[in-house]
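Chains as they are written, first to last, in the working numbering: chain A, 1 to 259; chain B, 1 to 245.
Zero decoy hints are in this set.
Here are the simulated DSSO-like cross-link-like pairs (lysine-lysine), alpha carbons at most 30 Å apart as the crow flies:
| hint | chain 1 | residue 1 | chain 2 | residue 2 |
| --- | --- | --- | --- | --- |
| 1 | A | 13 | B | 109 |
| 2 | A | 36 | B | 80 |
| 3 | B | 80 | A | 43 |
| 4 | B | 214 | B | 80 |
| 5 | B | 10 | A | 43 |
| 6 | B | 79 | A | 42 |
| 7 | A | 184 | B | 79 |
| 8 | B | 17 | A | 43 |
Facing chain A, from chain B, some residues (calculated, C-beta under 8 Å):
| hint | residue |
| --- | --- |
| 9 | 80 |
| 10 | 195 |
| 11 | 220 |
| 12 | 230 |
Since the hints were made in silico from the structure, they are not lab data.
Virtual Cβ for every residue (Gly too), placed ideally from N, Cα, C.
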Amino acid sequence: MPEILIEIFSTLKATVVDVLPILSIILVFQLFVIRKPIPNVKKVGFGFFYVLLGLALFLLGLEKALFPLGKMMAEQLTSVDFLSGGEILTGSLVWSDYGWIYAFAAAIGFSTTIAEPSLIAVALKAEEVSGGAINATSLRIAVAIGVAIGISLGSYRIVVGDPIHYYIITGYIVVVIQTIFCPKLIVPLAYDSGGVTTSTVTVPLVAALGLGLASTIPGRSPLIDGFGLIAFASLFPIMAVMAYAQLTHINTHDNQTEE
Amino acid sequence: MNQQLLVFFKAFLGSFKDLLPIILVIAFFQFVVLQQTMPNIGEIFVGLVLVVLGLTFFIYGLEMSLFPIGESMAQAFAKKGSIWWLLTFAFCLGFGTTVAEPSLIAVAKEAANVAATGGIIEATDASQASYANGLRYTVAFSVGLAIVIGVLRILRAWPIQYLILGGYVLVVIMTIFAPQWIIGIAYDSGGVTTSTITVPLVTALGVGLASSIKGRNPMIDGFGLIAFASLTPMIFVMIYGMVLS
Chain A
1 MPEILIEIFS TLKATVVDVL PILSIILVFQ LFVIRKPIPN VKKVGFGFFY VLLGLALFLL
61 GLEKALFPLG KMMAEQLTSV DFLSGGEILT GSLVWSDYGW IYAFAAAIGF STTIAEPSLI
121 AVALKAEEVS GGAINATSLR IAVAIGVAIG ISLGSYRIVV GDPIHYYIIT GYIVVVIQTI
181 FCPKLIVPLA YDSGGVTTST VTVPLVAALG LGLASTIPGR SPLIDGFGLI AFASLFPIMA
241 VMAYAQLTHI NTHDNQTEE
Chain B
1 MNQQLLVFFK AFLGSFKDLL PIILVIAFFQ FVVLQQTMPN IGEIFVGLVL VVLGLTFFIY
61 GLEMSLFPIG ESMAQAFAKK GSIWWLLTFA FCLGFGTTVA EPSLIAVAKE AANVAATGGI
121 IEATDASQAS YANGLRYTVA FSVGLAIVIG VLRILRAWPI QYLILGGYVL VVIMTIFAPQ
181 WIIGIAYDSG GVTTSTITVP LVTALGVGLA SSIKGRNPMI DGFGLIAFAS LTPMIFVMIY
241 GMVLS
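Please model the entire structure based on the sequences and the hints provided.
Take a look at the structure:
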């Protein structure tokens, strides 16, 4: 038991060091530029402590439970033994032999996004600001579906070896078209959701998957092709959130005409 | 006290529900697809309890600290009426939180490795470190600039789509001219910059600003700061790659 306390303490210390720059910027501006005490300073202090403690426990737990398992899984799923189904390989693998990888990519993308703390924060804020018109849980599910599709497609790209920018630029064009047609209220939030999804939980697992894939497939360099999955995971949620807004918009529209 | 405990317990259950999909996915792939047993189940159980506890504390503290700080600072700056201080704060917040971001440090190191292997830079520790640092400062500068542009947009009520689409066009043009080896890294660097502490703070800042300025809609004008912060690093990292070649 004391061992785990030591681990918690050292992770907490590392988290505090990471947060120090933000904290000092806030304090300097609050004290020297705004020149007013922070309102409810005691509550804010406690809250900040909870945030740090929460983040430290969260990171330690991920390191202990999820990351080793998830990374091992990504390695095993991308190994040649598994991909060939235990049989001796007669020819080279084609893209359709990687079915479980696409499924794993989608599943891990979806589930890690649901647990992503910064997305929870943005979704809560969006629900509050929109007066409940945007439901925090639905928004998170929409983003998670986007990440799932993105990472799955990104894995397919690594398998077939297409240049990344064709996919990303096509994605941009879709985003532009959707922006024209979707409700204006959602646009900024949709753009934001691309950036918040790829954070603490998603990045390490997705990076492990990309690295594993790129090192198994002949002709791919893990150092060059391993990159790029994050870009897919940041682009597709934008489309998913706009699609979600378009669908719910259509629904409310239908309800109104029925009445 | 009991009531507080009940609130905490409910939040704990909520966090458990957030984590359930990961547990199911991992269990399914481990038992059904890979057909293996779970190694050191005790350790994993402890880890999961820590994750759920951590998420609960984080969300609990979020509403008490990061959200109110971001909003009260936004209101104070709006009242003070000094655009320069607000923009300086915006730049510092973007630069300061990004330069120390652990996932960015990791990606920069990896990217230095790529560059050395590809013969772009010398394969010595010193040149790799200077390359990685250059990349880090480039990204941090571009995030600072992004928050400045984003805050200006809120103040002036510029429509977000033109700015973002303009950014996309720039990314596409840069992609044509930038060296091949930097493109994957540049595209990824947009995603890794925004950390778990920065996102709530910056979101609260944007929403707070939009709600304290007359005629701004917090939904339309308040969100969007993060979007800029994930776009500018792509452009600047590609520039960095072009300057080096």
